[in-house]
Amino acid sequence: MSLRNPKLFLAIPAIALIFVFMILPITNMVDMSFRTPGQSDPFGDDYTTMHYDRIVGDAYYWGVLLRSLLTAGAVTLLCLLVSYPIAWHMSKAKGMKAVFLYACIASPLMTGVLVRNFGWMIAAALNGPLNEFLLGLGIIQQPLRLLFTQGLVILALVHVFVPFMVLPINNALRNISPTLIEASTSMGATRRQVFRDIILPLSFPGIYPGMILVYVLAVAAYVTPALLGGQMVSYMPTLIIGELTGTFQWPFGSALAIVLSVSTILVVGLFTALTARLMERSKA
Amino acid sequence: MATVEVRDLRKRYQDFLALDGVSLKAESGQLVTLLGPSGCGKSTTLRCLAGFLEANGGDITVDGESILSTPANRRGFGVVFQNYALFPHMTVAENIGYGLKLQKLPKSEIETRVKDVMQLVRLGGLGDRLPREISGGQQQRVALARALVLKPKLLLLDEPLANLDARLRDEVRWLIRDLQQQSGITAFYVTHDQSEAMAMSDMVAVMKQGRVAQFATPREIYQKPVERYVADFTGEANFIACSSVMSVGEARYAVTAAGASLEVAGVPEITGSAELLLRPEALELTAPAAGTFQGTVTKSAFLGAALHCEIALADGSILKLTAEPNHQVETGEEVGIAIDHSHTWLMPEVAP
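Chains as they are written, first to last, in the UniProt record's numbering: chain A, 1 to 284; chain B, 1 to 352.
Honestly, the hints are just simulated from the structure, not real lab data.
Here the structure is a predicted model, which is why all the values come from computation and not from measurement.
Virtual Cβ for every residue (Gly too), placed ideally from N, Cα, C.
There are no misleading hints in this set.
Coverage of chain B stretches by chain A, computed from C-beta distances (three or more under 8 angstroms per stretch; other residues unrestricted):
1) 73 to 79
2) 96 to 102
To give an idea of the chain B side of the interface with chain A (calculated C-beta under 8 angstroms), a few residues:
3) 83
4) 85
5) 89
When you get a sec, could you build the whole thing from the sequences and use the hints?
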């Protein structure tokens, strides 16, 4: 490869962008996470592993990390359950109906993150429409405390991440030839068996990127847990921001961020390894 | 091993009548071809048989019992698709064994039966490959094996050779015919290729605009077509409009065609206008003024095994003719044409 290679030449802007806005900051953050705490500055001059020692040695941080990873996992699975039927219907739609459905699916992304979360705060308030609706139906007798619960955080995250799951799955479903369904049917498969043996595995090339996208976004979500999760429970992003901008412990905040990144990469890597065979077989 | 009867089958899409009363019958062990151009309803008929489409009227019976209310997955028919429809995420062996697995047969039995059928279609050793790792011809054989391994009552083939190149097409064609005859499975075969239809079938249904124009043996379809459409679709044909058609016996007529008076066999009970079918190979070049017709050679092409000529008759009609290859003809030459009378056939003029 030389600079005369046009492919490499065209890649230069992308490489420059990634270098300046990803490689440099991450290197800087890794470096920061090994700095000693500063007295008057946000960080000191010497290097230490004390921040990592502190995180590993303290069950509190393990708990927050676990909560973040599990919450993101729950968001991802719920998103998958909600999105698959939507993607299925979208994959069958044609013409204006398809355009309309695309617009509906993308709608959560068209609202700003603050506006959307304030909307949830109003909707989930003690005397808000959600409670009034449930009281009106007679399902509950007392208004439920919905706001500042983990459940609401999950619900709000599922809401905004559904498009990231629906679109790739819809794409994968559209790529499945209808004759495959007919073929399996003619071989004796029931609708359930057709779904289990043919449609589900062949839509995995859409499920996989959808799950990865949603998981990574959910682990890193900050605004929604901060606004809807309340002060009782912490997630890694809220903790990290607190260290960086609240107490100005840049090295410790960086160490937390690195721990979160590495954990996320491990989860994604494990998922990829476990599904590698299915992916290899089902990709077009 | 089943007798299959299709009776007055109808299928309508909004304002398009796809099937307008299709009737056919396949005796046990027969291979019946549905032949016609695209849009004639041949695939629709097959899909109704398979149960992928619901008919709007008529009936389909297998051994006398209607199957219309049986869903596709309980009909027990094998279907082979034009694009093979192999499951891309399953190996060759898994593809073939899928139907057996659904029947919850023991693993060892599945393995034996898959192995046997792979031997039968000459796929030995390819069991662990994915469909995308084998050739088109091999993929088609997997599709065939996958249908046969279930020992279907009826085999439905939808243009199975259309995606293969000419040499493979021949090979797979004979394989399909051999396997079908060995196993004695009744089969329906959809194609738009007349030579395929002629070579393989026990019976051919030539379809036209959602109807069966003619349902007969390949020989009858070719030699005794009921109308011009059928004759055209089954091979090269000359048609000469006849004046003064007179019945002179059962399905025999005295006609005047291009100035010549002839007595010919034809479709029974022709009343209106009629045209004479002359296949190119039923015509022979003779000396000028010797044959039944006289004309001028307008084109001639040497094709190795035969010489193809076009000859303009005095009344302006053109005759295509297949002559013996060593015949010397020049464009513009005056020739006579003799007719093999056993190969003439009179048909009523019907709207195309």
